[in-house]
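Colleague: Sequence:
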Amino acid sequence: MSHHPQVPGQPTQTTTSVVETATGVIQGFRPIKQIHQHLCAFHFYGYDMTRQVEAHHFCAHRNEEMRQCLIYDSPESDAKLIGLEYIVSENLFMTLPDEEKPLWHSHLYEAKSGVLFMPRVPGPIERKDLDKICKTYGKTIHFWQVDKGDSLPLGLPQLMFALTRDGQLHDEL
Numbered sequence: 001m002s003h004h005p006q007v008p009g010q011p012t013q014t015t016t017s018v019v020e021t022a023t024g025v026i027q028g029f030r031p032i033k034q035i036h037q038h039l040c041a042f043h044f045y046g047y048d049m050t051r052q053v054e055a056h057h058f059c060a061h062r063n064e065e066m067r068q069c070l071i072y073d074s075p076e077s078d079a080k081l082i083g084l085e086y087i088v089s090e091n092l093f094m095t096l097p098d099e100e101k102p103l104w105h106s107h108l109y110e111a112k113s114g115v116l117f118m119p120r121v122p123g124p125i126e127r128k129d130l131d132k133i134c135k136t137y138g139k140t141i142h143f144w145q146v147d148k149g150d151s152l153p154l155g156l157p158q159l160m161f162a163l164t165r166d167g168q169l170h171d172e173l
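If you're matching positions, the sequence shown starts at 1 in the numbering used here and goes up one per residue.
Watch out, some of these pointers could steer you wrong.
[Unchecked claim] Quick list of in silico lysine-lysine cross-link-like pairs, PhoX-like style, CA-CA up to 20 Å:
1) K33 x K101
2) K112 x K148
3) K80 x K148
4) K139 x K112
5) K101 x K148
6) K128 x K112
7) K101 x K135
8) K80 x K112
Hints listed in this document are in silico derivations from the structure and should not be mistaken for laboratory results.
Construct all of the structure, not just a fragment, from the sequences and the given hints.
Modeller: Shown next, in the form of structure tokens:
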């Protein structure tokens, strides 16, 4: 049973399901099929650290130094697509213009503290990748403010940030 508020609109019709089944077979969906990683973390709004949300990242590697992630509010089949995150190596981050760098956040604390993790991945495999993530930076935009209970993505896109020290994460998350 879903714990997510219903999105307004008519239920999916049989004809739509048939079309989706057919297009699922015919069309390639190559960008989506590159997603091979699930990370879970917590984001806070750039203008209000008291607003925090759980963020399930489904990521594809562009190469060893860049990942691009779709962010959902849960790992469930009815999850809402709430944002995206670009993750780059420290080397790429250092090449960014100085005025761009404040829009990015480090993953060092998240990965070392365990607030960023890979659900259901065995410890040694998870640790190996999290050691890489420690040396990365992310630029995160959320489009759907699910913490406000919005049933649709309303308002301007929001710049989000990651936790950087102990005591920042709300206990209820």
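Colleague: Does each hint fit the structure? Answer for all of them.
Modeller: Hint check:
no., hint, result
1, K33 x K101, "30 Å, violated"
2, K112 x K148, "30 Å, violated"
3, K80 x K148, "14 Å, holds"
4, K139 x K112, "19 Å, holds"
5, K101 x K148, "28 Å, violated"
6, K128 x K112, "12 Å, holds"
7, K101 x K135, "15 Å, holds"
8, K80 x K112, "28 Å, violated"
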